[in-house]
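The whole structure should be built from the sequences, with the hints applied where relevant.
Each chain, written out:
There are 2 protein chains.
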Amino acid sequence: MTMQTSTPTSHESWRLIAQQLRVDSIRASSTAGSGHPTSAMSAADLMAVLLAKYFRYDFAAPKNPHNDHLIFSKGHASPLLYAMYRAAGAISDEELLTYRKRGSRLEGHPTPALPWVDVATGSLGQGLPIGVGVALAGKRLDRLPYRVWVLTGDSELAEGSMWEAFEHAAFEHLDNLTAVLDINRLGQRGETMHGWDLDYFATRLRAVGWHAIEIDGHDIAQIDAAFAEATATVGQPTAVIARTIKGMGVASVADKNGFHGKALEDADGAIRELGGRPNVTVTVSKPADDRPPQHFSVQQPLGLPRYQRGTKEATRKAYGEALSALGTARGDVVVLDGEVSNSTYADIFAKQKPDRYIEMYIAEQQMAAAAVGMQVRGWKPFASTFAAFWSRAYDFIRMAAVSRANICLCGSHAGVSIGEDGPSQMALEDLAAFRAIWSSTVLYPCDANQTAKLVERMADRDGIVYLRTTREKTPIIYDPGDEFLIGGSRVLRQSGADAVTIVAAGITVHEALTAADTLAHDGIAARVVDLYSVKPIDSATLRAAARDTAGFVTVEDHWPEGGLGEAVLSVFANEELRPRVVKLAVRAMPGSATPAEQLAAAGIDAAAIVEAARALAVHAPKEAPWSIGNRPG
Amino acid sequence: MTMQTSTPTSHESWRLIAQQLRVDSIRASSTAGSGHPTSAMSAADLMAVLLAKYFRYDFAAPKNPHNDHLIFSKGHASPLLYAMYRAAGAISDEELLTYRKRGSRLEGHPTPALPWVDVATGSLGQGLPIGVGVALAGKRLDRLPYRVWVLTGDSELAEGSMWEAFEHAAFEHLDNLTAVLDINRLGQRGETMHGWDLDYFATRLRAVGWHAIEIDGHDIAQIDAAFAEATATVGQPTAVIARTIKGMGVASVADKNGFHGKALEDADGAIRELGGRPNVTVTVSKPADDRPPQHFSVQQPLGLPRYQRGTKEATRKAYGEALSALGTARGDVVVLDGEVSNSTYADIFAKQKPDRYIEMYIAEQQMAAAAVGMQVRGWKPFASTFAAFWSRAYDFIRMAAVSRANICLCGSHAGVSIGEDGPSQMALEDLAAFRAIWSSTVLYPCDANQTAKLVERMADRDGIVYLRTTREKTPIIYDPGDEFLIGGSRVLRQSGADAVTIVAAGITVHEALTAADTLAHDGIAARVVDLYSVKPIDSATLRAAARDTAGFVTVEDHWPEGGLGEAVLSVFANEELRPRVVKLAVRAMPGSATPAEQLAAAGIDAAAIVEAARALAVHAPKEAPWSIGNRPG
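These protein sequence lines map, in sequence, to chains A and B. To convert, note that position 137 of the first sequence is 120 in our numbering; the numbers rise steadily by one, no gaps. To convert, note that position 270 of the second sequence is 253 in our numbering; the numbers rise steadily by one, no gaps.
Simulated from the structure, these hints should not be mistaken for lab results. Where a beta carbon is used, it is the ideal one built from N, C-alpha and C, also for glycine. Be careful, since some hints might not be right.
[Unchecked claim] The following residues of chain A were derived to be distant from chain B, with all beta-carbon distances above 10 Å: (1) K84; (2) G258; (3) V263; (4) S324; (5) T501; (6) N557.
[To be verified] Simulated crosslink set (DSBU-like; lysine-lysine; CA at most 35 Å straight-line): (7) B/K84 x B/K336; (8) B/K336 x B/K122; (9) B/K336 x A/K295; (10) B/K295 x A/K84; (11) A/K122 x B/K239.
[What the hints assert, rightly or not] From the structure, some residues in chain B lie toward chain A, with a derived Cβ separation under 7 Å: (12) S17; (13) G178; (14) A190; (15) K269; (16) D273; (17) R418; (18) V554; (19) N557; (20) L560.
Structure below.
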């Protein structure tokens, strides 16, 4: 039986859709033997009405720019989402029953393995902030009227990130965003903080500037009226706050604690209790609009900033200038910053292209999520804050990788070299943290020309791309127009008789060059490798250096764990030739001091490099280069 | 001139204190050449009244349990805090002027280098959630009437973590917590979202259950009345929302954008404009109370749970059971969990000791912060959630190390071995992330008896101590009562002719043992090392294995970066003997599958270990052991 979607007298047929969504949620999870059916069942009526009447989506054309967006912030309710796809005819019943099986597109929590899923969810409190990003794209970038629907749970309303989202959405007047709050009272292990106190949420939401509608989440007519009101509300986003019953429709689990995340024991009995399988198909309305998305005018070719050898400039400044140049040449670049744009220099872009700059304020989780949301719509987001503060958004970065999102993140003020501000402002773990993100790229330039080129490269790189910049002005050692490929490195000093190799990145490159000069005076030739691409790493250059020298002094403005030194070690782990690596890194917790004092105290300045290189050089061969045959094992 | 602190007619003398706080903030930052004087100046009147009348603190006895607590959530206003210490006579004027100098206790952002500073701040949005933790200690644990005062900025009210704090404080009726909101309108690079719209904040705070008082933050009488009202309010926490002027008192910077984070150019002129240096001392009231803190009764000796060889149990279950046993024997243990206690098994403790269990709901930032706050008062917090979700609190964990906090964190459901729930629920980066925390301890037990013993050990370990547990039941391979020291390891298989060494932890230990059996059938003896202490690492055992065998197969349910494999590589980085390391780890993004399928797909199961070990064994020496003399370089 195919549903007509346009008449209110369809309420009875919508109840059948809801019944099917419940039944199919149970069938999928029971077949899998795991899943969260009761969490799906509470939202079935809400989603039935959405699918039957309000959702504007072409399942045959998931990339249609006019499509609405639906994000399950309560990602564990995935059986419901997949049941909706089945009801819409997008997947078969056979595929529905592959839920949670190896190789299935229907994973335990939704991922973009499915073309109709924008982003991976399952870490609570993320879907709404990401939805804010998509809605921002709709209102500010695409300038198309698609609507972003976000289904949230109630437990996740305790996550601060949700309130970053609520605040930002209201501040930006995102009336194209509708949040559907499934208030089913029961969290994983008992009642939530506020149970069915819908007024509590409504009051908080109105205080933050949302329109809020409280309803019985199982009354089809109320849902219909609420969605109609939400889609007609102008100037502010709307939250439909729905009082629901977890496990609705099956008495043995309905509103009962202890059934979270468990397939129902008696699936057949539950299905009978629900009234059996209706076998309905929903014809989801397609978007009516066909205007093209708005686009920003560009001027080409790209004119990156050019810095003169012998002068000094901060790589953070070069980021800002290069980003502005990139945005002039590429209309898809959009920039976000966390209220530190005069420090990260994102403000250069902001001043020149205010239409494409979005201030995210001090809310790094929302900033990361907005970047993820914008790239859903094909925009190319560059987001920046102090490198230390990206740690605030680490779960969002982790999930962005699961989402296969393409985002560019810049972290400034890396390392002890920021000086007197002290450790709260210093990133000393970010290379490790970003390396440990699936398929990430980790870049750490040492000069402004290199930074500018890498900013250009980042924009064409898939995945999570991280650029680490420095507060201090550092010498320009490369020429404008020099090419720097991701995965490459630069050998800055090399001779036919190098005793040791110094591997550095960012600020320590300059310390390494100073050290190499000192060592040269003492008759010790040191190769210097600028490892600006920490991940992916230039194994070939490192292998050549391992063959030619006694080993490596690696030096990083970072803790010893998980950063540049360990990245170098990993190259050689299972190779014939496994060079010595003297790993210089920050080991003591810094206090306040000047940048030069900080580098010295941390044992990562030129003097420390010289000392380490001297000790390493005693192992250098008398004759060079070594042949592989000389080295057993 | 010494101030009397008890009479309202002191308002004029309090204005002098405020003047001095402004003057000293300028003197300190101008001497340093850096700092945030304008951010300090906006809150000077607020802090003057606090210091003069409401703060109950014995500067000579910072560990007095009855002391109030003062946390600068706006940590960059550190000049003001230090000026307060000087006014109270706790530091000299000479020390004040060491601000931001190398070796000074007066760092750019406050740290517990100073005995009157509870925790390090400077990463915005953290001080209030940590204050919630201290207040929880006061109300639920110590049961003493000390008050927690938190000075916040306005920019940081955009941080979701602040709203986790506001919600939790209201939910717990923390009327011993007073937040002083310094609403000076100007963020780092321009106006905040809401400027001087105090009503906006008041409405939001009342909606979340706080008492809110709006005042002119430069009207001493209003401040006095507000603090009196706040300290008399019962049943809910109070926020004093103060309209202030950034840079108040110096016309050239007052309420002007562009002066954030800069020492004043004309310090002398500014000090003259403020009225010069009053040179006042404040006699801060000491706490009157002398009752001892509440303590929980204990039963000793500690009776850890005992698991029988040959049976199976999940290490996450052992965590829960051991924690409950530990809490019976130690009255300082307090447990927090993020609404997953039936999964982490913190619920075992919760059911037995509800007085010492605090449900933190789905708000991991607040949970980490509460742990930090509680250990300020000497409690021993154990906090748990899924390992993947500790990434939500990574900035709090980073800052907890700067605070030199002692907290025990448990992350369950580690790795691909959780099975069908899929990657959103899997921690695959946590070993790297936690290794890269200063002075952390990273433990990953493989059996329940080992887990129980490590839970005991954790409680006596300083710093950030992280325990990674597994969802699946795994075989019991150790005996109850076996000792496991942090920094140790266990050699599970060893012979006189080991060809290779397999290094594993957690779930891969069992895969390693299976692999070793298979290899033994093929005449390849494999040493198996259970590296349950990933950090600190047992270098001695690893060095012996490097001498005795052809090298290591490391195998971890974790990405390849920054985890167990790289920890092993780092041991040998600069040593004579640098063994081959075949690093098995998860490389592809997982989908849904059974635990066994996940391990196989990830290439970290027994079959993968066998294959890697076979390939490695071809390098084994014909004669054993190798002498160091045989190995050049």
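Hint check results:
With a least CB separation of 7 Å from chain B, A/K84 falls inside the 10 Å interface cut-off, contrary to its annotation. Every beta carbon of chain B lies more than 10 Å from that of A/G258, the smallest distance being close to 28 Å; the non-interface claim holds. Every CB of chain B is more than 10 Å from the CB of A/V263 (nearest about 27 Å), matching its label as outside the interface. Interface exclusion of A/S324 from chain B breaks down, the closest Cβ pair being 5 Å apart, not more than 10 Å.
No beta-carbon of chain B comes within 10 Å of the beta-carbon of A/T501; the shortest separation is about 21 Å. Look at A/N557: its CB is around 5 Å from the nearest CB on chain B, not clear of 10 Å, so calling it non-interface is violated. Of the supplied pair hints, the one linking B/K84 and B/K336 is violated, its CA atoms being roughly 47 Å apart against a limit of 35 Å. For a cut-off of 35 Å, the pair hint linking B/K336 to B/K122 stands: about 16 Å separates their Cα positions.
In summary, the hint linking B/K336 to A/K295 is not supported, as the alpha carbons are separated by about 61 Å, beyond the 35 Å threshold. Between B/K295 and A/K84, the direct Cα distance comes to roughly 25 Å. Compliance with the 35 Å bound is thereby established for this hinted pair. Pair hint A/K122 plus B/K239 holds up; C-alpha atoms about 32 Å apart against a cutoff of 35 Å. Among the interface hints, the one on B/S17 holds; its C-beta lies about 5 Å from the nearest C-beta in chain A, closer than the 7 Å criterion.
The beta carbon of B/G178 comes no nearer than 12 Å to any beta carbon in chain A, farther than 7 Å, and the hint placing it at the interface is violated. A least Cβ separation of about 4 Å between B/A190 and chain A falls short of the 7 Å threshold, and the interface hint therefore holds. Hint status for B/K269: violated, given a least beta-carbon distance of 30 Å to chain A, over 7 Å. The restraint placing B/D273 at the interface with chain A is violated, with a minimum CB-CB distance near 35 Å, outside the 7 Å limit.
The closest approach between the C-beta of B/R418 and any C-beta of chain A is roughly 4 Å, which is under the 7 Å cut-off, so the hint is satisfied. For B/V554, the suggested interface contact is broken, since its CB lies about 10 Å from the closest CB of chain A, more than 7 Å. Of the supplied interface hints, the one on B/N557 holds, with its beta-carbon coming within about 5 Å of a beta-carbon of chain A, less than 7 Å. Interface hint status for B/L560: violated, as the beta-carbon distance to the closest one in chain A is roughly 10 Å, over 7 Å.
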